[in-house]
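So the sequence lines, in the order shown, correspond to chains A and B. Here the first sequence stands for residues 1 to 338, where the numbers follow the numbering used here. Here the second sequence stands for residues 1 to 338, where the numbers follow the numbering used here.
Treat the hints as calculated values from the structure; they're not laboratory data. Among the clues, some could well be false.
Put simply, identical chains are the same to the list, so a pair is met inside one copy or across any two.
What the hints assert, rightly or not - Using 20 Å as the maximum straight-line C-alpha spacing, the simulated EDC-like pairs for lysine to aspartate or glutamate come out as follows:
no. : residue 1 : residue 2
1   : Lys160    : Glu229
2   : Lys100    : Asp80
3   : Lys267    : Asp171
4   : Lys177    : Glu261
5   : Lys160    : Glu292
6   : Lys160    : Glu227
7   : Lys159    : Glu227
8   : Lys112    : Glu320
9   : Lys159    : Glu292
10  : Lys78     : Asp24
Number of protein chains: 2
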Amino acid sequence: MKTVGINGYGTIGKRVADAVTAQDDMKIVGVTKRTPNFEAKRAVELGYDIYMSSPDRENLFEEADIPVKGTIDDLYDKVDIVVDCTPGGIGVKNMESYKKAGVKGIFQGGEKHGKIGKSFNSFANFNDSVGEDYVRVVSCNTTGLCRTLNPIKELCGIKKVRAVMVRRGADPGQVNKGPINSIVPNPPTVPSHHGPDVQTVMYGLNITTMAILVPTTLMHQHNLMVELESDVTIDDVIDTFEKTPRVLLVDASRGLGSTAEIMEFAKDLGRPRGDLFEIAVWRESLNIVNNELYYMQAVHQESDVVPENVDAIRAMLELETNPEKSIARTNKNMDIIK
Amino acid sequence: MKTVGINGYGTIGKRVADAVTAQDDMKIVGVTKRTPNFEAKRAVELGYDIYMSSPDRENLFEEADIPVKGTIDDLYDKVDIVVDCTPGGIGVKNMESYKKAGVKGIFQGGEKHGKIGKSFNSFANFNDSVGEDYVRVVSCNTTGLCRTLNPIKELCGIKKVRAVMVRRGADPGQVNKGPINSIVPNPPTVPSHHGPDVQTVMYGLNITTMAILVPTTLMHQHNLMVELESDVTIDDVIDTFEKTPRVLLVDASRGLGSTAEIMEFAKDLGRPRGDLFEIAVWRESLNIVNNELYYMQAVHQESDVVPENVDAIRAMLELETNPEKSIARTNKNMDIIK
Numbered sequence: 001m002k003t004v005g006i007n008g009y010g011t012i013g014k015r016v017a018d019a020v021t022a023q024d025d026m027k028i029v030g031v032t033k034r035t036p037n038f039e040a041k042r043a044v045e046l047g048y049d050i051y052m053s054s055p056d057r058e059n060l061f062e063e064a065d066i067p068v069k070g071t072i073d074d075l076y077d078k079v080d081i082v083v084d085c086t087p088g089g090i091g092v093k094n095m096e097s098y099k100k101a102g103v104k105g106i107f108q109g110g111e112k113h114g115k116i117g118k119s120f121n122s123f124a125n126f127n128d129s130v131g132e133d134y135v136r137v138v139s140c141n142t143t144g145l146c147r148t149l150n151p152i153k154e155l156c157g158i159k160k161v162r163a164v165m166v167r168r169g170a171d172p173g174q175v176n177k178g179p180i181n182s183i184v185p186n187p188p189t190v191p192s193h194h195g196p197d198v199q200t201v202m203y204g205l206n207i208t209t210m211a212i213l214v215p216t217t218l219m220h221q222h223n224l225m226v227e228l229e230s231d232v233t234i235d236d237v238i239d240t241f242e243k244t245p246r247v248l249l250v251d252a253s254r255g256l257g258s259t260a261e262i263m264e265f266a267k268d269l270g271r272p273r274g275d276l277f278e279i280a281v282w283r284e285s286l287n288i289v290n291n292e293l294y295y296m297q298a299v300h301q302e303s304d305v306v307p308e309n310v311d312a313i314r315a316m317l318e319l320e321t322n323p324e325k326s327i328a329r330t331n332k333n334m335d336i337i338k
Numbered sequence: 001m002k003t004v005g006i007n008g009y010g011t012i013g014k015r016v017a018d019a020v021t022a023q024d025d026m027k028i029v030g031v032t033k034r035t036p037n038f039e040a041k042r043a044v045e046l047g048y049d050i051y052m053s054s055p056d057r058e059n060l061f062e063e064a065d066i067p068v069k070g071t072i073d074d075l076y077d078k079v080d081i082v083v084d085c086t087p088g089g090i091g092v093k094n095m096e097s098y099k100k101a102g103v104k105g106i107f108q109g110g111e112k113h114g115k116i117g118k119s120f121n122s123f124a125n126f127n128d129s130v131g132e133d134y135v136r137v138v139s140c141n142t143t144g145l146c147r148t149l150n151p152i153k154e155l156c157g158i159k160k161v162r163a164v165m166v167r168r169g170a171d172p173g174q175v176n177k178g179p180i181n182s183i184v185p186n187p188p189t190v191p192s193h194h195g196p197d198v199q200t201v202m203y204g205l206n207i208t209t210m211a212i213l214v215p216t217t218l219m220h221q222h223n224l225m226v227e228l229e230s231d232v233t234i235d236d237v238i239d240t241f242e243k244t245p246r247v248l249l250v251d252a253s254r255g256l257g258s259t260a261e262i263m264e265f266a267k268d269l270g271r272p273r274g275d276l277f278e279i280a281v282w283r284e285s286l287n288i289v290n291n292e293l294y295y296m297q298a299v300h301q302e303s304d305v306v307p308e309n310v311d312a313i314r315a316m317l318e319l320e321t322n323p324e325k326s327i328a329r330t331n332k333n334m335d336i337i338k
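Throw the hints in and build the complete structure from the sequences for me.
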């Protein structure tokens, strides 16, 4: 049983911890917390050992009556790999300490690809991370794009992708972020960084992206225009998406016409925290005109990268070298529909 | 002095009334109201005569102490043209009564093009409405697209347009509409109706559109990808937009990075109701890659069609047959910057 530590038990960290715990070939040894907040308390209730990321704050944890097992360095001694879920830009600063401790490290999409050197998506380039020491799982938006673009590329080739990403302004728990009542080009320059980020895992893909922020917390929404290399029908695309793991076709006509209704559906599925690990593609939006495929999809920004983190652990620790097998195992253990 | 009546003194109607009043070759004779609400009271204070669109509701106006000059039929007798600003789908039902009364009629974008027979945009096809009896001013989104696409077409020709329209969920005063915290593909099918609507005034333009609703009330936002016929530089495009009336280049770097800040700017300009009649194009978003022009723009849905309504009156009543002259005259009288 391989051992995993979570550095940063926040939005992504707590979800990866639960997803790892659900697997049968890896386990969580401990998680780090800087602040003894409700998440730290809940981590203890769930049975996770807590290690302090700032050793000088022990008194804060004592005051909050939250037991700690040691410092972050103590955790490094006990694990094969650390999943770094600290805020963007902090992860790369931790890399030196991982190297010094001799542990492998997974970083999140908030880190720059160039600083880590290798990026990961379960479907696009799993094999390139087998046995690697430091790997970055691409961001929620990039993961969403790869999940649906990769099978289309395999089906019929892609000449060019144009995508407009309508991004949630903040996560549900973030009370200090906006916008409240506004649309914000973010970045206001075109193309956005998302296209190049996709290219870190789908090498050489011709893709241009534009991105804006809007006043919602639930999901990102993507509008895709994909020029295809060879002729296919919409039925071919539907067949492909129906067979693709972690992609769900949803029908607006069946009450799933918005991101709010899709998240309500995820709650009804009994998912932990109401998460939707899959990318939801609106069936009605699929259309091919002049060999160009159009579709709309929704991405649950808090959770879609979680199964990818599990697959990355498996690849880097060489628990599995076949991506399909890792994806199937992760999915089965996380109750992902397909 | 030509005489104008407004049928439906709501969001668009009250703005067109003020814009007509600001002109020197036309005047408002009266406006219709169905309900004696705050807008009716304010119309009286502004000096507009009120005509009841439902004659059987006289007692409601009496109770509200709002004087009425007569019924809608009395208004028809006094005007050369009616600007129909009733809710979408109602306008076309009024056409018969306009015909019977022998008055010309302008309809808004909520009516179907096919039912009216002719659509209008000041820049794209002014001349086709000269002397016409019944004309539809295209919707706020379509007007926004035409304002910037028409000058690009004239500059260098357009091969194909792809546009993703991020639409405001409701107007600021609409308390019963959503979404509050969701992104809604609307329509969930692709392409949306906006592309064909542009083609009712920019004949033969190759355009595909996708549209979604988001939880904001201030403005629509458009993401445009325009394949160009001939080579131009970004400076050529900037020069063109700087010369184009009713188009404003705005800089995110100067504090105009969102629809909220743009509307704040309009208020600071002292505009009536804080309206922005111009289309705001983010300067930073302009980019040409492989002969494809990318840009982002914002559209004030409550007011951008208002100057177009004035121009349509002028064309239909043959007060002016030169579009540039009508546009300049309308703008000068409405204090539109250029």
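Hint by hint, here is what the structure shows:
In this assembly of identical chains, Lys160 and Glu229 lie within 20 Å of each other by CA distance both inside one copy and across copies; the values are 9 Å within and 18 Å between. In this assembly of identical chains, Lys100 and Asp80 lie within 20 Å of each other by CA distance solely inside one copy; the values are 13 Å within and 85 Å between copies. Taking the shortest Cα distances, Lys267 and Asp171 sit within 20 Å of each other inside one copy (17 Å), while across copies they are farther apart (31 Å). For the identical chains of this complex, Lys177 and Glu261 are inter-copy neighbours only, at 16 Å across copies versus 23 Å inside a copy, given an alpha-carbon limit of 20 Å.
In this assembly of identical chains, the alpha carbons of Lys160 and Glu292 lie at most 20 Å apart whether taken from the same copy (9 Å) or from different copies (12 Å). Taking the shortest alpha-carbon separations for Lys160 and Glu227, both the intra-copy value of 5 Å and the inter-copy value of 13 Å come in at or below 20 Å. Taking the closest pair of Cα atoms, Lys159 and Glu227 come within 20 Å of each other both inside a single copy (5 Å) and across two copies (15 Å). In the homo-oligomer, the alpha carbons of Lys112 and Glu320 never lie at most 20 Å apart, since the shortest distance is 26 Å inside one protomer and 59 Å across protomers.
Taking the shortest Cα distances, Lys159 and Glu292 sit within 20 Å of each other both inside one copy (9 Å) and across copies (15 Å). In this homomeric assembly, Lys78 and Asp24 come within 20 Å of each other (Cα to Cα) only inside a single copy, at 18 Å, whereas the closest approach across copies is 83 Å.
Checked against the numbered hints given earlier, the structure breaks only hint 8 and satisfies all the rest.
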